[in-house]
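**Student:** Heads up: the sequence lines are chains B and U, in that order. Just so we're on the same page, the working numbering is the position in the first sequence counted from 1, plus 109. Just so we're on the same page, the working numbering is the position in the second sequence counted from 1, plus 4.
Treat the hints as calculated values from the structure; they're not laboratory data. Glycine residues also receive a C-beta, built at the ideal position from the N, C-alpha and C atoms. Check before you lean on any hint, since a few could be wrong.
[Claimed, not checked] Distance windows between CB atoms, simulated:
#1 B:Asp166 with U:Gly240: 18 to 24 Å
#2 B:Ala130 with U:Thr249: 26 to 32 Å
#3 U:Ile146 with B:Pro150: 38 to 44 Å
#4 B:Arg145 with U:Gly240: 24 to 30 Å
#5 U:Glu70 with B:Arg122: 31 to 37 Å
#6 U:Thr88 with B:Gly160: 29 to 35 Å
#7 B:Ala128 with U:Gly240: 22 to 28 Å
#8 B:Pro125 with U:Tyr35: 54 to 60 Å
#9 B:Ala128 with U:Gly231: 34 to 40 Å
#10 B:Gly172 with U:Ser86: 39 to 45 Å
#11 B:Gly160 with U:Glu70: 39 to 45 Å
#12 U:Ser86 with B:Met110: 46 to 52 Å
Single-letter residue listing:
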Amino acid sequence: MHIALKCFATLSRFTPPEAEAFAIEPGETVADLVKRLGIPPADLKLVFINGAHVEPDAKLADGDRVGLFPAVGGG
Amino acid sequence: MPLSLTLDESIRALARADTRPDGGQCQVLPYFAVQDLARGLGRSPGNGKGHPHSKAMARVELAALELGILPERYQRNSTTYSFTEQIRLLTSRVALIGLGGLGGHALEILARTGVGHICAADGDEFQPSNLNRQLLCTRRSISGYKAAAAAARVQQVNPAVDFEPVAAYLDEELMERFLVGADLAVDALGGLKDRPALLHQAARAGIPLVTAAVAGQAGYVATVLPGAKGPSDIFGADSEAAENTLGTPAPAVVAAAALMSAEALNILCGREPRLAGAMLVFDLEGMSFERVSL
Chain B
110 MHIALKCFAT
120 LSRFTPPEAE
130 AFAIEPGETV
140 ADLVKRLGIP
150 PADLKLVFIN
160 GAHVEPDAKL
170 ADGDRVGLFP
180 AVGGG
Chain U
5 MPLSLTLDES
15 IRALARADTR
25 PDGGQCQVLP
35 YFAVQDLARG
45 LGRSPGNGKG
55 HPHSKAMARV
65 ELAALELGIL
75 PERYQRNSTT
85 YSFTEQIRLL
95 TSRVALIGLG
105 GLGGHALEIL
115 ARTGVGHICA
125 ADGDEFQPSN
135 LNRQLLCTRR
145 SISGYKAAAA
155 AARVQQVNPA
165 VDFEPVAAYL
175 DEELMERFLV
185 GADLAVDALG
195 GLKDRPALLH
205 QAARAGIPLV
215 TAAVAGQAGY
225 VATVLPGAKG
235 PSDIFGADSE
245 AAENTLGTPA
255 PAVVAAAALM
265 SAEALNILCG
275 REPRLAGAML
285 VFDLEGMSFE
295 RVSL
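Looking at chain B on its own, in the form it has when it is part of the complex (with noise of 0.2 Å):
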């Protein structure tokens, strides 16, 4: 099963190689995945996934397409 992750801004540094195609474990939810990438859960404010809002114990699913992101408020 793959994702395409996307992490954006402050969290982009966190990004593995080949994260458009990112293999992940059957069952695994977003903390998971956060975990494994090493973001810590602080920073993560957003998580969108198929371009809706999800919380971190959602499930991800073969070919979902992933966003993480921080707080941004600059103008």
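Chain U: place on chain B using the hints.
**Tutor:** Showing chain U alone in chain B's frame:
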């Protein structure tokens, strides 16, 4: 113009036939004719208060639009905004909070497009580090109030706009007063701290909020309808903000300001908000845009 002519008659007399961008024909009121007619109105009794020239310009432009005659300065808008929509823009009121990177560019777009009433608040003064992105920050305006530079710019760009600058930071109580009478709030604040209060006050005022923020090459734009969840509910007021590490380069700031202005104009001219309940998330480094429903 002889004094015996009414404003409508004068407008008709001065209008000329012209070609629209889409090839159609329309009647256009030349730029200098608007100014001349407004000057004539400015001398009439009852126009001595406030900003007579600004109000007179707006009155001439509105009268022309009501007659189906397009003021020349809006000619390149005419296939995007109908006469009815242009009238709605000229009679609408925006409360713009923040006159930095987002706010300066948003103000420029709203004023050029012909939003009739704009009140804008920012208590900050320009610093050299604003020069990388803030339209209103120039060698001349450094150390001056952002609100003062904004007023001067609107006067240069479109004096028909009734512009009210407020050189003050708004706490939640002042926000509440600032939003009275506005059709729309535009959140062009910097940082996370004040955004939840503005979202809350816009909801209390019963008006939509268009909001945007950037960090580095990434950013978002969103519309929050009264009572709905917004980005500041997700990001909070006290989180460590990504722009503290990544900064705020011009392309992301200007892109976000343009997107938020397009959405603000959609709403003001009576169309459905396109980003209600959603964020448009972008990354200019990878040139990606994604709509996320909240």
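**Student:** The structure should be examined with respect to each hint, and the outcome stated for every one.
**Tutor:** Structure-based check of all given hints:
1. B:Asp166 with U:Gly240: 18 to 24 Å: 19 Å, holds
2. B:Ala130 with U:Thr249: 26 to 32 Å: 28 Å, holds
3. U:Ile146 with B:Pro150: 38 to 44 Å: 41 Å, holds
4. B:Arg145 with U:Gly240: 24 to 30 Å: 25 Å, holds
5. U:Glu70 with B:Arg122: 31 to 37 Å: The hint (31 to 37 Å, Cβ to Cβ) is violated, given that U:Glu70 and B:Arg122 are roughly 57 Å apart.
6. U:Thr88 with B:Gly160: 29 to 35 Å: 33 Å, holds
7. B:Ala128 with U:Gly240: 22 to 28 Å: Holds, at about 27 Å.
8. B:Pro125 with U:Tyr35: 54 to 60 Å: 57 Å, holds
9. B:Ala128 with U:Gly231: 34 to 40 Å: Holds: the Cβ-Cβ distance is about 37 Å, inside 34 to 40 Å.
10. B:Gly172 with U:Ser86: 39 to 45 Å: Cβ of B:Gly172 to Cβ of U:Ser86: about 42 Å, so the range 39 to 45 Å holds.
11. B:Gly160 with U:Glu70: 39 to 45 Å: 42 Å, holds
12. U:Ser86 with B:Met110: 46 to 52 Å: Holds, since U:Ser86 and B:Met110 (Cβ atoms, about 50 Å apart) stay within the stated range.
Hint compliance for this structure: hint 5 alone is broken.
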